[in-house]
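Listed below, chain by chain, are the residues.
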Amino acid sequence: MTKMSGAKALIESLERQNVDVMFGILGGAVLPIYDHLCKSKIRHILCRHEQGAAHAADGYARASGKAGVCMATSGPGATNLVTGIANAYMDSAPVIALTGQVPTGGANTSYMIGRDAFQEADIIGITTAITKHNFQLRTAAEIPKCVKTAFYIATTGRPGPVLIDVPKNVQTEIADIDFSNGIQIRGYKPTSNPHPLQIRKATELLAEAERPVILAGGGVITSNASPELMQTAELLLAPVATTFMGKGAFPETHPLSLGSIGMHGNPVANKLLCEADVMLAVGTRFSDRATGQLDHFCAPTKKIQIDIDTAEIGKNVDVDIPIVADAKKALQALNERLAKQLKKKAGTPWTRRVKETKAQLNPPPKAGAKELKPKALLQELRKLLPEKAIVTTEVGQNQMWAALYFNALKPRTFISSGGLGTMGFGFPAAIGAKVACPDRPVVDIAGDGSFRMTEQELGTSVTEDIPVIVIVLNNSVLGMVAQWQRMFFKGRYSAVKLGSVPDFVKLAEAYGAQGLRARSIPEFIKAVKTALKSDVTTVIDVPISMEEDVVPMVPPGCGINEQVGDY
Amino acid sequence: MENKKTRVIAALVENKPGVLHSVSNMFRRRGFNIESITVGRTEQEDLSRMTITVNGDEKTLEQIVKQMNKLIDVVKVSQLEPENIVTRELALIKVNIPDNKSRSDVINCVDVFRGRVVDVSPEALTIEITGTPDKIDAFLNLMRTYGIMELARTGLTALSRGVRSIRIEE
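Residue numbers (the numbering used here), protein chains in the order written: chain A, 1 to 567; chain B, 1 to 170.
Honestly, the hints are just simulated from the structure, not real lab data.
Careful: at least some of the hints might be erroneous.
[Said to hold, decoys possible] Straight line, CA to CA, 20 Å or less: simulated SDA-like cross-link-like pairs of lysine to any residue:
| # | chain 1 | residue 1 | chain 2 | residue 2 |
| --- | --- | --- | --- | --- |
| 1 | B | K76 | A | G187 |
| 2 | B | K76 | A | T149 |
| 3 | A | K315 | B | R29 |
| 4 | A | K189 | B | E14 |
| 5 | B | K66 | A | K529 |
| 6 | B | K16 | A | K529 |
| 7 | A | K189 | B | Q67 |
| 8 | B | K16 | A | I113 |
| 9 | B | K76 | A | P386 |
| 10 | A | K315 | B | Q67 |
| 11 | A | K189 | B | S78 |
| 12 | B | K76 | A | D309 |
| 13 | A | K189 | B | K59 |
| 14 | B | K66 | A | Q136 |
| 15 | A | K145 | B | N25 |
| 16 | B | K16 | A | Q136 |
| 17 | B | K66 | A | G515 |
| 18 | A | K189 | B | Q63 |
| 19 | B | K76 | A | Q184 |
| 20 | A | K529 | A | G515 |
| 21 | B | K66 | A | I185 |
| 22 | A | K189 | B | V19 |
| 23 | B | K59 | A | P144 |
| 24 | B | K66 | A | A129 |
| 25 | B | K66 | A | A311 |
| 26 | A | K315 | B | R167 |
| 27 | A | K315 | B | N3 |
| 28 | B | K16 | A | I183 |
| 29 | A | K189 | B | N3 |
[Claimed, not checked] Covered by chain B, according to a simulated footprint, are these stretches of chain A (three or more residues, beta-carbon under 8 Å):
| # | stretch |
| --- | --- |
| 30 | 125 to 137 |
| 31 | 387 to 394 |
Ideal placement from N, C-alpha and C gives every residue a C-beta, glycine not left out.
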C-alpha cells in the first residue's frame with residue numbers, strides 16, 4: 001500500500017497493464033493525469049480531434065491484438081470520442097476510453113457532477129449503449145481494481161470498448177493505493193471451451209456433408225484462429241467465404257478461398273454459399289450487409305454456428321447446431337474429431353464446382369491495363385505491398401472496391417469499419433496500426449469524402465513521426481450515395497458533390513507530408529513505390545470518374561444470390 | 001408470426017448506481033417492451049432483484065434473457081416458468097365516496113377481495129389490495145363505478161414455487 005494521487009495511480013495501473021502507447025487530447029478535467037503521464041514511459045500521441053484518437057486506439061487494437069487506449073477531457077472531449085467508441089463496439093475491438101469528468105464534490109459545489117458544470121457531459125449515460133461496460137470512479141482507492149477490471153472485460157470473451165470516467169477530484173485525491181488486489185466479476189464469465197456434445201454433432205454433420213462451406217467472420221481474427229481455420233478447410237476440402245469483417249482470416253489467394261460475401265461480396269462467395277448443404281459459420285453475427293434479405297439466405301442449408309457471444313446464436317439466422325465457444329478452441333476440438341472421423345478426400349464434384357465457378361466469375365485481371373480504374377489499381381496495389389502490409393479503408397465506394405478487389409492474405413492486415421460504417425475511420429486507424437506495427441507499411445485506401453472527415457490527423461502523423469500512405473480515390477463526390485442516387489433515385493443528385501477542393505497534394509504539403517498525384521496505372525505504381533520508401537506520410541491523389549459504380553452489388557431487399565453487375 | 005406471450009423474468013443484479021439504467025437502456029435500444037418492472041433488495045445486501053414482465057414471441061424472450069446476461073452488472077437471469085410461479089402485485093387505490101351507502105358497499109367489496117382500508121376521510125377511502133394482476137384488475141373494475149381518484153400499482157413481483165431459486169452461492 002502506497003500513498004499517492006489518483007492520477008498517479010491511474011498511470012501506474014495502465015503501466016501495469018503493459019500499456020506502452022495511448023492516443024488523446026488533454027483538457028482542463030484531465031490535467032492532473034497528464035501531469036503524471038509526462039513522467040511515465042507510456043508514449044502519448046497527441047491527436048488533432050478526439051474521434052481520431054479513438055479510431056487510432058481502435059486501429060492499434062486490431063493490428064496488435066492488444067487493447068488500444070485513448071483519452072479525452074470532460075464534456076466535448078468525451079463526446080468527441082463517442083463515434084470512435086461506437087465504431088469499436090460494433091466491430092468488437094478492445095478499446096479503453098478514459099475521460100475526465102467534473103468533480104463529484106469539493107469546495108466549489110457549483111462545479112460538480114449533476115450541476116451542469118462547465119464542460120460537464122453525462123458520458124456514462126451517453127455511452128451505456130455503445131460500450132461493453134463503463135465505470136465512473138468515485139474514489140482514488142478503487143482505481144487499480146477498476147483499471148484491471150476494465151482491461152479484463154475489454155479483451156476477453158467478445159472484446160469491446162470499456163470507458164472509465166474519472167472525476168477531477170478523484171485524480172487529485174491522495175489515498176492509500178493497493179495494486180495487488182485481484183478482480184472478481186461475478187456477472188461476467190465468458191465461455192471459452194466448446195461443449196463436447198455439440199462438437200460431436202457438428203463433426204457428424206460435416207462428415208456427411210457433400211457440399212460443405214465455411215463462413216469465417218471477424219471472430220476468427222479476434223481469436224487468432226486462422227491456422228485452425230486453414231486446417232478445418234483442408235480437412236473438409238471445404239471452400240471458405242469470409243464476411244467483410246473476416247477478410248484476412250483466410251488467404252484470399254488460396255484455392256479454397258471464395259472471397260467475402262455480402263452486398264458487395266465476391267459473386268463466387270455469394271453464389272456458392274447458397275449452394276452448400278452444410279455451413280460452418282465461425283465468429284460471425286450474420287449482419288444484414290453480409291446476409292442480404294434473410295428469407296433468401298441459405299434457407300435449406302444446415303448451419304453450425306460457433307460464437308463466443310451466446311446472444312449472437314440465433315439472433316438473425318436460425319441455426320441447427322450452436323456452439324458457444326472461443327473460435328480457436330472450438331475449431332481445435334472440431335479438427336481433432338474430424339481428423340479421426342474423416343477419410344482423406346480427393347477432389348469431389350463440389351471442389352470441381354468451386355474451381356469452375358471461380359474461373360467463370362473471377363476471371364484473371366487483364367495484363368497491362370493502363371486506364372486508371374479502382375479494380376486495376378487495387379490489384380496492382382496488392383502486387384506492390386508485402387504480404388504483411390496493413391491496409392485500412394475509409395467507408396463508401398473505396399471500402400467496397402477494396403473488399404472486392406484487394407486480396408487480404410493474413411489476419412489483422414485488413415482493418416475497416418464494418419459495423420458502424422464510419423467515414424473518417426481509415427486514416428486515424430492507419431496511424432494506430434502503424435504505431436502498433438512500425439516495421440510494416442500501412443496504407444489507407446481512402447475516398448476524398450471520408451478522408452476529409454479526419455484529414456487533420458495529418459498533423460498527428462507528421463509531428464509524431466508516424467508515416468503512413470493514404471491513397472485518395474478522388475471522385476469529388478460522396479461516391480456511394482451518388483451511386484445509390486443513380487441506381488435508386490433516377491439519377492437525381494442531391495447534396496453529394498464536394499467539388500474538386502482541396503488540392504490533396506498541396507494539402508499534404510501544407511502539413512509537411514508528401515503529396516503525389518497519379519493519373520494512370522504506371523503513375524500510380526511509381527507513386528506507391530516512392531511512398532513506400534518515404535519516411536514521411538504520403539498522400540497519393542488519384543482522380544477517378546464520379547460516374548464509377550461499385551459492382552457487383554446485391555440491391556437492398558434482395559438475396560445475396562441475386563447480385564447484379566460483373567466482377 | 002409466432003404468438004406473443006407474457007412472461008416474467010427475474011434477475012439478480014449488482015446493487016449499485018446505474019444498473020437500472022443499463023438494464024432499461026438495453027430494453028429500449030433493442031426495442032423490447034417492459035410491461036412492468038420492480039426492483040428491490042434481496043437477502044444478500046450487495047444484490048438487488050429485478051422482476052420484469054415482458055411480452056414477446058419465443059425468440060424475443062430468448063434474446064431478452066441473453067442480452068440481459070451480457071450486461072456485466074447482471075449476475076443471474078432466469079425466465080420463470082409461468083406454470084410454476086407465485087406472482088403478486090400491490091395496489092393502493094383512493095376511491096371516491098359520495099355517501100354512506102357507497103362507503104359500506106366499497107368496504108364489503110374490500111372484504112371480499114381480502115383487501116384493507118388504510119385511510120378513511122369523509123369523501124374518500126384508501127384501499128390496499130394485494131394479489132395477482134388479474135385480481136387487482138377485477139377489483140379496479142368494481143371500483144370504477146364509484147370513481148377512482150388515484151391509483152398506484154407496484155408492478156408485478158414473483159418467485160418460483162418449491163425449492164427452486166436463483167440465489168447466488170457466495
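State the violated hints by number, sorted upward, taking the hints as numbered earlier in the document.
The structure breaks hints 5, 6, 9, 13, 14, 15, 17, 23, 26, 29 and 31; every other hint is satisfied.
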